[in-house]
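Chemist: Spelled out, the chains give:
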Amino acid sequence: MKGTIAIIERELPSLLRMKQTLWIFAIVAFTFSATVLLKWPSTSTADLSGVQARAVFRGLAYAMFVTVVLVVPAFPATGLIREVRRRTMELLLNSPLRRSEIFVGKLIALVAFALLLLAVTLPAMACCYAMGAISPTHDVLGLYTLLGVICIELIVLGLLVGTVAETAESGLRWVYGATFTLTVIAVIPHIFLQGGESIYAVVASHMRTLSPIPALLQLIGDEPPGAIGAIESADLIERYVTSALVLSLIGSLVCIQRLNYSLMDRSRSQGLITDERSASLRAARRVMYLVDPQKRKSGISWFLNPVMVKEFRSRQFGRLHWLLRMVAGCAVLSLLLTLATTMGTLDWGVEKVGGIMIVAQVGLILVLTPGISGAMIAGEMESGGWNMLRATPLSTRRVVTGKLMSVSITLALVLCASLPGYGIIMVIKPVLQTQVAQVIVSLALTAAVAMLVSATVSSFFRSTAAATTVSYGLLIFLYAGSMLVWVNRDSPFSHAVVQRVLSANAMAGALNAMEVDGFQVYDGLLGTTWVVSGVMCGVLLLVLSVRTWRIWEPD
Amino acid sequence: MNDLQAAGKQDERFIQKAESVSSAVSPVVEINGLTKTFGTFVALDQLSLTLNKGSILGFIGPNGAGKTTAIRILVGLTRPTAGTARIAGADCVRNARKVRRLVGYMPDKFGSYDNMRVREYLDFFGAAFGIGRRKRQLRISEVLELTNATWMQDRFVESLSHGMQQRIGIARTLLHDPEVLILDEPANGLDPQARIEMREILLRLADEGRTLIVTSHILPELARICDRVAILAGGQLKAFGTLQDVSRALSQRRTMEIELLDTDRVAAVAAELQASLEQECEVTPSEAESVVRFRTSADEEQLSSLLNKLVTSGERISQFREVAGDLEEVFISVTQQTSEDRPQNTEEPAPVVETTS
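Chains A and B are the protein sequences, given in the same order.
With this note's numbering applied, the first sequence corresponds to residues -9 to 545, in that order.
With this note's numbering applied, the second sequence corresponds to residues 113 to 469, in that order.
Bear in mind the hints are in silico, worked out from the structure with no lab data behind them.
Take these hints with a grain of salt, some might be off.
Here are the simulated lysine-lysine pairs, DSSO-like style, with alpha carbons at most 27 Å apart [as the list claims (entries may be wrong)]: (1) A:K287 x B:K247; (2) B:K210 x B:K247; (3) B:K210 x B:K221; (4) A:K342 x A:K419; (5) B:K165 x B:K210; (6) A:K285 x B:K210.
From the derived model, a few chain B residues whose C-beta atoms are all more than 10 Å from chain A [to be verified]: (7) F153; (8) T190; (9) E291; (10) P304; (11) A306; (12) E309; (13) E369; (14) E371; (15) T396; (16) A410; (17) N420; (18) K421; (19) V423.
Facing chain B, from chain A, some residues (calculated, C-beta under 8 Å) [as the list claims (entries may be wrong)]: (20) K287; (21) P296; (22) R303; (23) G374; (24) G375; (25) N377; (26) P383; (27) D545.
Quick caveat, the model's predicted, so the values are computed rather than measured.
All C-beta atoms in this analysis are idealised placements derived from N, C-alpha and C, irrespective of residue type, glycine included.
The shape of chain B in the complex, shown without the other chains (with noise of 0.2 Å):
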């Protein structure tokens, strides 16, 4: 299966996703004004958010951004100054033991142990979960045949490649059957065929109902999988929704895609839509797919009309869509953003854009 097979496919899965996300309200994930400070450094300002049972958000934001210290907080690792976080009802400070039962933990560091085998390495946290050995054994069965490395179970962990201690990495937390899986980096140094397996994975566990707390630096692959992102900057979270409506809260411009029936008319629809939208509009035909793109302010009766116009002038138009927004120019926006209001006034906070749908 090539590149963009599969991403068509996880298109699907994700259109799939969106709807069963709408019926599963139960919040699983609620952080509320969560904040830690080291020393005068505020690295997590008030943090606030909630994510329902079988999302995935998608967690991101430049390095020092706070992520890392938000995760470390969600599973116990990291004492908040202020704030709550509660994983399904527990408090992650005072049910710490309980948290770790329901959430699997993925550090960036993969954390092997030498002269391990692999099936070894997961029988040891098995049974540091409390997991019996016949349930255990066949435990580590599953989760090896889920993340498509059954066929390692006998290497030494420290001699599989990045990729594939990864998928253990993946394996690992599975073992006890977690509500809500968190997952840092899980895609950093991993060649395009590992992150397509990645993604294949994650996907699957969502479709089983599991929570996924996401970062990752590989924005475009966020993008596939994340029905949900928070973007976090300078401790602060700027933006928190679907991608698509953070997009336009953020950019306030969307990316419309007119596909045409007839290639040789995409120079002169092109001309209208220059002509007849505003002047800042960035107008791209395509004759080799037969499309012109636009980005535009327009509202939707704008929009509208503009369609109105073009059908009644003949042209034979098979689409007319919104592009899902980018989140590497989401994200580069907030950031700059960040980086132009930090010089300025560092005590007060940026507005949040919150969207729910």
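Excised from the complex, chain A in its bound form (with noise of 0.2 Å):
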């Protein structure tokens, strides 16, 4: 016991004096008051209904979700794979405390500080209960409980992760991936399957329990996605929290059974190399890959530009078969989507599903361009890099084209991945092939806007993390903060005043284009978003050019 103490009074401090912890806290603290400001009644008519207060309370448990799936998992993740690199786990080990003391302490302080964050949310909450209409037990406190429920399973998940992965970045990547497929793809096969008596609707009516969402909707009132009319008789959040805790449980077993010497054992890479493998082992691996990593690269053609193909060699999703499996999963997804359509298992509408396409490329798009493009400049600051580019004699132009050119063609790999879902969609309805092309030229300029600003904002900073982090918070500003005011157009905001703010944003011009509800009342809006953004990237690139100029100068 003394040692679990010992960790937290350790861990917990460690957490909150993070400068991203103070980052995160205001943001969240910012817009959950945000949001509830902008809904309280203006008028000195009452909503005796409630609906507008139910409204406030869905959209306050979507956005808690959301932070809590964004922030949640990094931490134990990278806090458990940093402490085995910088070996202080390795002291800990020596040490006479047990290893289900150090997890039991670890995760604890991880539980702490999850709850801090959804403390933060609480002065929200608590004016949208003073709207009316929400129960204080059954929605607050059942909220709260489920989105504890769920922290505790993405931390146990979190700190699993950090026993198996090696890098911070590999834990990242495992950990999201982890949590996306328990989030979203276990609810997927039911969607489909929902209603048949077949042993794998059975079993997707289970796996769906793995995933928090639809106890959520359940709680918060709202249809579980895809639902065909029947309803819903089963406890959903009942069997999530159970299925959770069972889960969070052999998760912790594991964990502590990982917990040994072996996590500061691992080898390092002995450069395996296809090339020199057997026949039969090279054939398999052309098979399972269609460009393998392991195969020995021939050197820069003369043609490409060195800078661009070592920006694709040297990052985390820059080798090619990466970025296959990337665009394949988009492609699938956006299939997926246009498929639920033409299935009628969701009674969506082209429109409707166009418009999630947009934003979900759109979130994709903002989630990887900064990390991408953020380090471009800071992080050869931070590595030493820029210094051994500047002797060489490449020019400024040559290095900062080879780089914007890898951050552009990652992003229309990424873009062209959608194309087949817009296809079908052109299929369903011809008339919208238009509006399509209008929406592609549309989710380009996003990218071209993401890329520049935070290729710009990198020009400026020596370490990735600052430049990651003050790119995404512009980006939200501008897409997320844009989008914040539409959601408010109704009261306080005038129509004229959200088409203003809706011009710098070109997803707003995308579903605008195809016609989604809320957007198509904003006349020439497709039109100004474009100048817009045709303006920034303009601007940006005249920046970015400046200052990559000046840096590379000598001092």
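Please assemble the complex out of the two chains, which come individually in their own frames, going by the hints.
Modeler: Here you go:
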């Protein structure tokens, strides 16, 4: 017990002292307060039906869930990996502390951290409660309890990933991948197989209880995704809580078992190369990988920009096999969405599916771009590579072009991956051909703005983490901020104000082109967003060029 | 091969090297009145020196002495406030692009890229220097062989140990076949075995006729490979020349060694030396080695008389020689002098000891 307390006393303050923590807490507090304040009744008429209050509550619940899913898993995974890499884990294992004490200490500290994150939303929830129509026990307490269980499950998952992954980057990749599988993928089979009596349908029905989404939807009174009219009789909340606690317990036991010296005994890469393996293995790898990452690369061709090739090779997802996986994932997702529409499993209509695809793609672009582009120059500065580049005869223009090309090709591939989805949309509704083309232009502009914002920010920083954080902040401000204004389009913001704010958001232009509900009312929005985004790209490119030239020239 | 054998081999190379230096006299590095200020802080103050083709210059000085600033100016990363620096006739500021092709620069920070294998890493820098693909592949194999790193060509750069990464760093600087190599702390953080290997690599490069400028805090390492040393302190050049000359000029006392055939005469010879030489003379007898060492300010004539006296008194002497100066002593002597000078007067630079041989 004393050991556990010692670990908590060390872990929790260090988590709270991190700069990122302050930023996350501040952003969460600001966003949640702003959401409630903007929805606060401004007229003297009381909404006795409670519709508005319930809508705010639902909005808050979704936002809290997204916050938990995005923020909570990262800390346990990276924290444990960092501890192994810095060798402080070795010191802990060498101390009289038991492995279970170390694990429980870490778990409690991380849960306390997550609860503090949830506590930041309490003022917003209190305001929502004051609007009425919300039950303090069923709604408020139920929501916080459910989110608490989700936090425990994700923290255990993060710690488990931390005992397996070797680098912080791979830890993040795996933990977010696992979180996505658990929350989203687990629900998808049920959407397609619901109502059936086959073994697959039964398995799919059980599988969805692993995801917290159906439980959350049931708690806030929304229909589960893909519901086709049948009333859901099962208690999804109870099922999810049971499955989450069982999974957390199993995960904890595995994690405690893995917390030993073998964590430090990871051998260095031996540089295995397919070219030197047996013929059968080479053939097998050729089938398994379209582009084998372990095949010895031929030299960089004369017609290619060496910086671009270097960027692809050195980036986490830059290797071609990863890009192909990512593109395939996007393609499958977009096809699934359109397939769901054609099968009638989702009664959403082509425009709505198109809207979801646009939002999902912009989300992907915004998640992906600062991570790639934010490290463009700041990463080189941090690693010392910038001076080595400066010591070569390469020109600034060639370096910047190579780096921008590497990011644009990645983003273009991601955008192209969703083309099959749009293709099906055009087949279902040929009249939408022009709109789809307009959507693609808008998405390309969104990608260009995101890339140039991150690249320009990157040229002002010497640390990748700082550049990436600032890039995320600016892009969230630009895209999510303008959407927050759109959410409050009836009050307090007028139609003209919303249209003006949306003109900086190319995603809004795409939604306008697709005639998604709530966006079709803004005349000429598409053209304005193109002009504003184009001007933004030009200005950012100019700033980036001048700034890069300045840091390239002798000090 | 143990450390002593390696050192012996390197000493031989050093002698050969010194001989070749005297024959190759074209200046490759010319620094004239180089000054760099950051606001009111003077990082480099009127640095002037020239370096001939095939030399190995040891650039030493305490932290903040201005070594890295001087190096950064030479490779075109920093603009000097005053003065000029030329490499093979090309001005480091005006012809920075040409200089980059003439210089191979290894900074103190390695600058690795994640997820890149050694061969890919070298391929990128080769392409950056505009070497054609076929020639580049051959060159990569050559430099990997030269640095004994062929076996790690498929390893990921970040997975290599510090010593291995340093070797890859040197291989990278050699890709475009530069005339001058500038290596900032190449032996930093290396274990003794890796240091010996690094020393061998550097000597091999000098044998090929390249000019090397090496900074290091590990002074015995520099003493073994350099034929010139430049000591910087407080941004000023305090001494420049061969180690022996710098050592003699700065300390004004040299270390001599007498090796005797009769071990039992060591104590008697030591007593005789103590009596014959000045009072401050430090005499250290070593019966195990059958050697008497002494540090003296006596000139050549006095030493000749002393030798004559010992021989006529019947001592059987197998060797009478001057021991090469200790770089550490010289360094401490210069840096102590600088720290003593500093509070009194910072306006007048301390006199530079320049020797040419």
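Chemist: Please settle this one: T396 of chain B was flagged as non-interface, so is its CB more than 10 Å from every CB on chain A?
Modeler: holds (45 Å)
Chemist: Since K421 of chain B was said not to touch the interface, does its Cβ keep a gap of more than 10 Å from each Cβ of chain A?
Modeler: holds (59 Å)
Chemist: Given N377 of chain A as an interface hint, is its Cβ closer than 8 Å to any Cβ of chain B?
Modeler: OK, holds: N377 of chain A within 8 Å of chain B, min 6 Å.
Chemist: Given K287 of chain A as an interface hint, is its Cβ closer than 8 Å to any Cβ of chain B?
Modeler: holds (6 Å)
Chemist: Measuring from the C-beta of G374 of chain A to each C-beta in chain B, is the shortest one below 8 Å?
Modeler: Since the shortest Cβ distance to chain B is 3 Å, the answer is holds.
Chemist: Taking the closest Cβ pair, is G375 of chain A under 8 Å from chain B?
Modeler: Since chain B brings a Cβ to about 4 Å from G375 of chain A, closer than 8 Å, the hint holds.
Chemist: The hint names R303 of chain A as touching chain B; please verify it with the least Cβ-Cβ distance against 8 Å.
Modeler: At about 5 Å, which falls below the 8 Å cut-off, the nearest Cβ of chain B leaves the hint on R303 of chain A intact, so it holds.
Chemist: If I take the minimum Cβ distance from E291 of chain B to any residue of chain A, is it greater than 10 Å?
Modeler: Since the minimum Cβ distance to chain A is about 15 Å, E291 of chain B lies beyond 10 Å and the statement holds.
Chemist: So if I understand the rule, the pair passes when the alpha-carbon distance is 27 Å or less; does K285 of chain A with K210 of chain B pass?
Modeler: violated (36 Å)
Chemist: E309 of chain B clear of chain A by more than 10 Å, beta carbon to beta carbon?
Modeler: Fine: 19 Å to the nearest Cβ keeps E309 of chain B off the interface.
Chemist: Taking the shortest Cβ-to-Cβ distance between T190 of chain B and chain A, state whether it exceeds 10 Å.
Modeler: violated (5 Å)
Chemist: Does the claim that A306 of chain B lies outside the interface with chain A hold up, using a Cβ gap greater than 10 Å?
Modeler: A306 of chain B is indeed farther than 10 Å from all Cβ atoms of chain A, at 16 Å.
Comparing the model with each earlier hint shows violations of hints 6 and 8; every other hint is respected.
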